[in-house]
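Chains as they are written, first to last, in our numbering: chain A, 1 to 531; chain B, 1 to 306; chain C, 1 to 336.
For the record, the hints were derived by calculation from the structure and aren't laboratory data. It cannot be assumed that every hint is accurate.
[To be verified] Straight line, CA to CA, 25 Å or less: simulated SDA-like cross-link-like pairs of lysine to any residue:
| # | chain 1 | residue 1 | chain 2 | residue 2 |
| --- | --- | --- | --- | --- |
| 1 | A | K387 | B | M71 |
| 2 | A | K472 | C | G193 |
| 3 | A | K167 | C | E47 |
| 4 | A | K531 | C | G193 |
| 5 | A | K506 | A | E65 |
| 6 | A | K278 | A | G527 |
[To be verified] Ranges of calculated distance between the beta carbons of each label pair, as one might list FRET restraints:
| # | chain 1 | residue 1 | chain 2 | residue 2 | range |
| --- | --- | --- | --- | --- | --- |
| 7 | C | H49 | B | S61 | 42 to 48 Å |
| 8 | C | A128 | B | F120 | 42 to 48 Å |
| 9 | C | P61 | A | Q77 | 51 to 57 Å |
| 10 | B | K81 | C | P46 | 54 to 60 Å |
| 11 | A | D194 | C | I62 | 37 to 43 Å |
| 12 | C | G230 | B | A194 | 29 to 35 Å |
| 13 | C | A128 | B | S61 | 41 to 47 Å |
| 14 | C | G230 | B | G70 | 56 to 62 Å |
| 15 | A | P351 | C | I62 | 55 to 61 Å |
[Stated by the list, open to error] The following residues of chain B were derived to be distant from chain A, with all beta-carbon distances above 12 Å:
| # | residue |
| --- | --- |
| 16 | Q23 |
| 17 | Y30 |
| 18 | Q77 |
| 19 | R93 |
| 20 | G133 |
| 21 | V139 |
| 22 | I214 |
| 23 | M221 |
| 24 | A270 |
Don't be surprised by glycine CBs; every beta carbon is placed ideally from N, CA and C.
Take a look at the letters that make up each chain.
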Amino acid sequence: MIKKGLLATAAFASMLAMGSVSAEAKTFVYCSEGSPEGFTPALYTSGTSFDASSRNIFNRLVEFERGSTIMTPGLAQSWEVSEDGLSYTFHLRDGVQFHKTKFFTPSRELNADDVLFSFNRQWKADHPYHKVSGGTYEYFSGYVSFPDILQTIEKLDDKTVKFTLQKPDAAFISKIAIDFASIHSAEYAQQMMDAGTPEKFDQEPIGTGPFQFVSYQKDAFIRYQANDDYWSGRAPLDKLVFAITPDAQVAYQKLAAGECHLIPYPNQADLAAIEANKDLTVDSQEGLNVGYLAFNTEKKPFDDKRVRQALNYAMNKEAIIKSVFQGAGKAAKNPLPPTLWGYNEEIQDYPYDPAKAKALLAEAGVTNLSTDIWAMPVKRPYNPNAKRMAELIQADWAAVGVNAEIVSMEWGEYLSRSQKGDHDTVLLGWTADYPDPDNFLSLLNCASAKSGGNRARWCHKEFDDLFNEAVKVSDPEKRTALYEQAQAVFKEEAPWVTVAHSVVHKAMSNKVVDFRIDPLGGHVFYGVDLK
Amino acid sequence: MSQVQNTADNKTVSAEISPLRQQLKEFWFYFSENKGAVVGLFFFLFIVVIAVLADVIAPHSPIAQNREVGMIPPFWQEGGKIEYFFGTDILGRDLLSRLMHGARISLFAGCIVIVISLTFGVLLGLSAGYFRGIYEVIVMRVMDVILSIPSLLMALVLVAILGPGLRNAMIAISVTYLPHYVRLARASAVTESARDYVTSSKVAGAGTMRLMLITILPNCMAPLIVQASLSFSTAILDTAALGFLGMGAQAPAAEWGTMLADAREFILSAWWVVTLPGVAILLTVLAINLMGDGLRDALDPKMKRS
Amino acid sequence: MFRFILTKLGVLIPTFLGVTLIAFSFIRMLPGDPIELLAGERGVTPERHAELMANLGFDRPIWEQYFSFLWGILHGDLGVSFMSRQPVLEEFLTRFPATVELAGCAIIFAALIGLPAGIIAAVKRGSAFDHTLMGISLTGYSMPIFWWGLLLIILFSATLGWTPVSGRLSALFWIEQDTGFMLIDAFFSDEEGAFKSAVSHLILPTIVLGTIPLAIIARQTRSAMLEVLGEDYVRTARAKGLSSFRVIGIHALRNALITVVTVIGLQVGVLLAGAILTETIFSWPGIGKWMIDSIFRRDYFAVQGGIVLIASIVMMVNLFVDFMYGLINPRILHRR
Chain A
1 MIKKGLLATA AFASMLAMGS VSAEAKTFVY CSEGSPEGFT PALYTSGTSF
51 DASSRNIFNR LVEFERGSTI MTPGLAQSWE VSEDGLSYTF HLRDGVQFHK
101 TKFFTPSREL NADDVLFSFN RQWKADHPYH KVSGGTYEYF SGYVSFPDIL
151 QTIEKLDDKT VKFTLQKPDA AFISKIAIDF ASIHSAEYAQ QMMDAGTPEK
201 FDQEPIGTGP FQFVSYQKDA FIRYQANDDY WSGRAPLDKL VFAITPDAQV
251 AYQKLAAGEC HLIPYPNQAD LAAIEANKDL TVDSQEGLNV GYLAFNTEKK
301 PFDDKRVRQA LNYAMNKEAI IKSVFQGAGK AAKNPLPPTL WGYNEEIQDY
351 PYDPAKAKAL LAEAGVTNLS TDIWAMPVKR PYNPNAKRMA ELIQADWAAV
401 GVNAEIVSME WGEYLSRSQK GDHDTVLLGW TADYPDPDNF LSLLNCASAK
451 SGGNRARWCH KEFDDLFNEA VKVSDPEKRT ALYEQAQAVF KEEAPWVTVA
501 HSVVHKAMSN KVVDFRIDPL GGHVFYGVDL K
Chain B
1 MSQVQNTADN KTVSAEISPL RQQLKEFWFY FSENKGAVVG LFFFLFIVVI
51 AVLADVIAPH SPIAQNREVG MIPPFWQEGG KIEYFFGTDI LGRDLLSRLM
101 HGARISLFAG CIVIVISLTF GVLLGLSAGY FRGIYEVIVM RVMDVILSIP
151 SLLMALVLVA ILGPGLRNAM IAISVTYLPH YVRLARASAV TESARDYVTS
201 SKVAGAGTMR LMLITILPNC MAPLIVQASL SFSTAILDTA ALGFLGMGAQ
251 APAAEWGTML ADAREFILSA WWVVTLPGVA ILLTVLAINL MGDGLRDALD
301 PKMKRS
Chain C
1 MFRFILTKLG VLIPTFLGVT LIAFSFIRML PGDPIELLAG ERGVTPERHA
51 ELMANLGFDR PIWEQYFSFL WGILHGDLGV SFMSRQPVLE EFLTRFPATV
101 ELAGCAIIFA ALIGLPAGII AAVKRGSAFD HTLMGISLTG YSMPIFWWGL
151 LLIILFSATL GWTPVSGRLS ALFWIEQDTG FMLIDAFFSD EEGAFKSAVS
201 HLILPTIVLG TIPLAIIARQ TRSAMLEVLG EDYVRTARAK GLSSFRVIGI
251 HALRNALITV VTVIGLQVGV LLAGAILTET IFSWPGIGKW MIDSIFRRDY
301 FAVQGGIVLI ASIVMMVNLF VDFMYGLINP RILHRR
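Based on the provided sequences and hints, a complete structural model is requested.
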């Protein structure tokens, strides 16, 4: 009976003749991986929310060039840095218009008030918008801790804004190119406040970017249309749709069926099939990330560097790359990804050498070591399957006489307990917020050993001095030299096993023209076209 | 099988006149009238044997990785090898062996869920029906609360609280099954308490425990057994569903639902890792349900007579 | 009648309070919290953690938190979702129509096929049709639906390309969401083909969610019919020369009604549980999927509010079914 029903409905479905994606107006459908939390990037931290907001609707003072980590002027046409590295003066671009939509018509172009509004909302507790929509600004207050860096933000005139810092920060320009520093319309904010609906400001966003927001159907679609007056020229696409498709498998099937043009995170298992499909292409790029296994250097015997080195020697990274990343990864030797400046090419990784590992363990007087490997319960770009990775490591270590138990728990608990140092060894990783070695190496300094972000709880004087020196210097060559030295110290001391850098894959229809993979993990559709 | 025996045993306790053999014969007569039930029974026995002997008959270890042979298709397909009958998964673990060990986990989970929910359900229900009063009201309202939250949602939240894993999944599922047993046991206890034989036992000075467990309980066994056979199959399904959502048994355990969840990424590239665990679940549950049908047919006439 | 409803309410109110208490204590027992998840790999200092928890109101005495939660419910305020920063009630209501649409279609699908199938099987008891149907329906009843959904997707979407893979509507149609019911919105929209698209998106999820109810309805209709056909008055009616079509027609209809109402009543919880799995597999933007996401994200107030709302719906439907059952079958009312 069921079968009969099936056939009938299926035949019916085939009669419906599903239209494939094509229309006179160029509509680009992106099968995004999840629902955005909202549309004001400063309130959120997930890449999914940034894709839906900052990367397509908004601009920042300084931006990264599309598909690269090179800094380029955004809403600020130019900027100057003072000698002492303490003040930054930005000159705003002329003639930048905010979106004109059904719910808002701007009366003026972008000016310094908008910049002040965007930062002060996050900074000043007495700002009228500070408490709107929950009022937590995790990037601003937590991740880049701007309250500890900023001294003042001043409007010098309508088109000039000056930031003064409390202490020099070589990565400041990179930091204000991050999504949370997107520029909002102060005029729209005022209108919504006057209308008594300030939370609307965060749900129906107005920006200066290449696409403007049309509507959002929860967990289903986000719709955008091209901003005709975009300051850098109108986008080639007319309409942009985010079709929310959390399951990578389903997303791939939609891509193959022509229901969407691009999928962000194809399963590695499907890559071969996608490449074989003549209507589809796969683009790949090394991601700015690193997956690692951290030893808790406060616990015995991991306080002994020989033990850490031994377990480095004991691990067969090639096998991990093959089964866990299915080839879509690259063995890591440094805590920095190779595409980032400051990467030390000279470093030699510990080769896979179980005999050497056994010898080192014997030398350290460690026998019958029983330990644990914490494996993350979630899939991350730097580690698509931590449990599988842990199973492989467990087998490798068993071969040198180290007995390890795999431990897994709920993700929030995992993060907080590993922060407290409950683990012996823990699998984790990092994806860049901004393209600066500082962002990666700060996971290994003494300050973060204290706060817990440093899961190795490794506080090494020599490394720490090099790190602190590099933040103060602004000369790129000097910084590079300092970071290279720091990496050498890191490798010798081996607080981590640097496991892998993942390779990012994007699968798309052949109709897609000029999509560029963003090394920082975003999905930017300005400049993309359809054949 | 053990249930079938139990039923017979319990019947002997209640009706002392008829000898055990007579009872069994009668039971088998009704049971075997239903051809499906007999097929189900034999298939179920087959799975039980596999589960019990998994260590001996599985050709490989269910968790040992063999990195040379990852993702080999079943032997009849090109590239397959006869020593890996149903092929291997990404880590080169033999699928047949994993399915065999999976039978063990699933049947074990089903049994444990029934034992927990039956024990606690009967205790709560009997005591509620026996003591009555405010205690009964509280117990029954708590059961209403559990019933008003969809079982899978309830189980998911409970597992989220207790932590993912097979043990906690079994506890969570048991909790969602409690109300059925409590209601049945209470209803029987209420009717039975009013009967003469209970009153006379009371007069004769029987203790509360003795009254509840030895006098009343055996007389409400039949509906409880039917309910248990029903929940045995749903318990297996729910355990697999939790595993599929990542909240049940954890890797590297060879639980069928967990295997399916792991295999989801290979849905188009390696059909065997996706289809076979599902087939295993379906066939096992179907066999138990077929058997359950027969069990009900066999118990029903007796229930009507009593 | 009036007394019947009063007794029911007398049971419902304490049960509802119990649900609020359970929902309230559950989220406080969950390990991990939304703030840790938000901080991710970089961690959060204890001071900042405490500050953010205080923002959520978690620093107040526990009884105060519970009473303000109850007070909020009375005012239709279930708190604010941590993730979206929007009221939980609003989050729930925007997703609820999607689940109702899916569950409704599943029940209709199950009834349309299950009822006639059950009736025919009963009339032709012992025939090949009867055996086949009972076999299939027991298989349906034993189906792990999460796997069933995957199989259907592989077959009909990936291999044959007959049905879309997931979602509720093709991304090409830009229709307004007035009612939230995609079929209705698409039907009244100007866009040509939108309705077809909405229907084609519903097919697979409906089958998956409807499979178990279908099996149950078919089995129950069959056994209910068998009972009726065996009763004296039916035999008498037949003997009197009334056409068997008429006899079956009249009595079947009545039994069909009772069966469907009962099954819907008993199945509403099962349907919602099934919706969690079905919505996950088909990326269906309903409350089942929202609850799962909220649990995984430790979105406290969304989980707490969601449990209360879903349980209330289950209780309401059960009350309604009891009531309907009483109307169809007045003996039940008098018995109480």
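Practice task
For the pair supplied as a hint, A:K387 and B:M71, confirm whether the alpha-carbon distance does not exceed 25 Å.
Solution key: Roughly 18 Å between the alpha carbons, so the hint for A:K387 and B:M71 holds.
Exercise for the section: Given the hint of 42 to 48 Å, check if C:H49 and B:S61 actually sit that far apart at their C-beta atoms. Expected result: holds, 44 Å
Practice task
With respect to the beta-carbon atoms only, verify the hint that C:G230 and B:A194 lie 29 to 35 Å apart.
Solution key: Given about 32 Å between the Cβ atoms, the range holds.
Exercise for the section: Decide if the proposed pair is consistent with the structure: A:K506 and A:E65, CA atoms, cutoff 25 Å inclusive. Expected result: holds, 19 Å
Practice task
Compute the least Cβ-Cβ separation between B:G133 and chain A, then decide whether it is above 12 Å.
Solution key: Label holds. Min Cβ-Cβ 41 Å, cutoff 12 Å.
Exercise for the section: Would you assess whether B:R93, listed as outside the interface, keeps its beta-carbon beyond 12 Å of every beta-carbon in chain A? Expected result: violated, 10 Å
Handout entry: Pairwise hint evaluation, A:G527 against A:K278, where the allowed Cα distance is 25 Å at most
Key = OK: A:K278 and A:G527 at ~24 Å, within 25 Å.
Practice task
Would you assess whether B:Y30, listed as outside the interface, keeps its beta-carbon beyond 12 Å of every beta-carbon in chain A?
Solution key: Given that every Cβ of chain A is farther than 12 Å from that of B:Y30, nearest at about 27 Å, it holds.
Problem - C:A128 versus B:S61 beta-carbon gap, inside 41 to 47 Å or not - result: Between C:A128 and B:S61, where Cβ atoms are some 46 Å apart, the hint holds.
Handout entry: Hint consistency between A:K167 and C:E47 [alpha-carbon to alpha-carbon, up to 25 Å]
Key = Satisfied, since the Cα-Cα distance of roughly 23 Å is no more than 25 Å.
Handout entry: Non-interface claim for B:M221 versus chain A (Cβ beyond 12 Å)
Key = Since the minimum Cβ distance to chain A is about 35 Å, B:M221 lies beyond 12 Å and the statement holds.
Exercise for the section: Using the beta carbons of C:A128 and B:F120, state whether their distance is inside 42 to 48 Å or not. Expected result: Since the Cβ atoms of C:A128 and B:F120 sit about 45 Å apart, the hinted range of 42 to 48 Å holds.
Hint violations for this structure: numbers 2, 19 and 24, all remaining hints satisfied.
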